[in-house]
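Asker: The task is simple: from the sequences and hints, build the whole structure.
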Amino acid sequence: GNSVTQMEGPVTLSEEAFLTINCTYTATGYPSLFWYVQYPGEGLQLLLKATKADDKGSNKGFEATYRKETTSFHLEKGSVQVSDSAVYFCALSDPNDYKLSFGAGTTVTVRA
Amino acid sequence: GAGVSQSPSNKVTEKGKDVELRCDPISGHTALYWYRQSLGQGLEFLIYFQGNSAPDKSGLPSDRFSAERTGGSVSTLTIQRTQQEDSAVYLCASSSGQASGELFFGEGSRLTVL
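Going down the list, the protein sequences come from chains A and B.
Numbering follows my numbering, in which position 90 of the first sequence is assigned residue number 90; successive positions increment by one, without gaps.
Numbering follows my numbering, in which position 78 of the second sequence is assigned residue number 78; successive positions increment by one, without gaps.
A portion of the hints provided could be inaccurate.
[To be verified] The list that follows gives simulated cross-link-like pairs (lysine to aspartate or glutamate, EDC-like), each with its CA atoms no further than 16 Å apart:
1) Lys52(A) / Glu69(A)
2) Lys17(B) / Glu85(B)
3) Lys52(A) / Glu15(A)
4) Lys99(A) / Glu102(B)
5) Lys60(A) / Asp84(A)
6) Lys56(A) / Glu76(A)
7) Lys99(A) / Asp56(B)
8) Lys57(B) / Asp97(A)
9) Lys99(A) / Glu44(B)
10) Lys57(B) / Glu44(B)
11) Lys60(A) / Asp97(A)
12) Lys68(A) / Asp55(A)
Worth flagging that the hints you see were computed from the coordinates, not collected in a lab.
None of these values were measured; they are calculated from a predicted model.
Answerer: Next comes the structure, spelled out in structure tokens:
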């Protein structure tokens, strides 16, 4: 079946530091890949997505590239801000199945 | 409203009681999902509704859990004879129903079973 593994947190960074959150997946077909973010007190919201190999999703300074050869979709941001403190979830959807499979989530705290 | 609305936001109940959690999806969204988020764990899929099709109930953890969606809109998740392990945040999401489409989540209903 489909599954997502992402690096465990929590992650604590200083402002302007570089952030990477690793995500790898197992899928039977060619899934679409997503990063969702949950800010404190809010619901999950889509951060970015990529639907095929070598696609790069980007939003709010975050980027992730769909790497089929390494089955990965690592999230990166070059210079984090305090407002980036949140829980980040990697997810995939099989093209034949509308369910999303989520990773366990990574809590990121950015200190001023 | 503009987003997915869930109620109650918090529910504390005693072991053995039944609870109902409500989800009001975004107007016009044909797909509706329930997920469960337990402390330190990822989101666990529970059930999926798409239009008038039979729901995908493959994620429901036991027969104490059930859900319905009336008129293709509001959904209710019911947990009978609650157990302490049912304590979690129950998340509802809706989408346009297209493959690779974005899911829009509500803020969740936090259930605590004493």
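Asker: Of all the hints given earlier, name the ones this structure violates by number, lowest first.
Answerer: 3, 11
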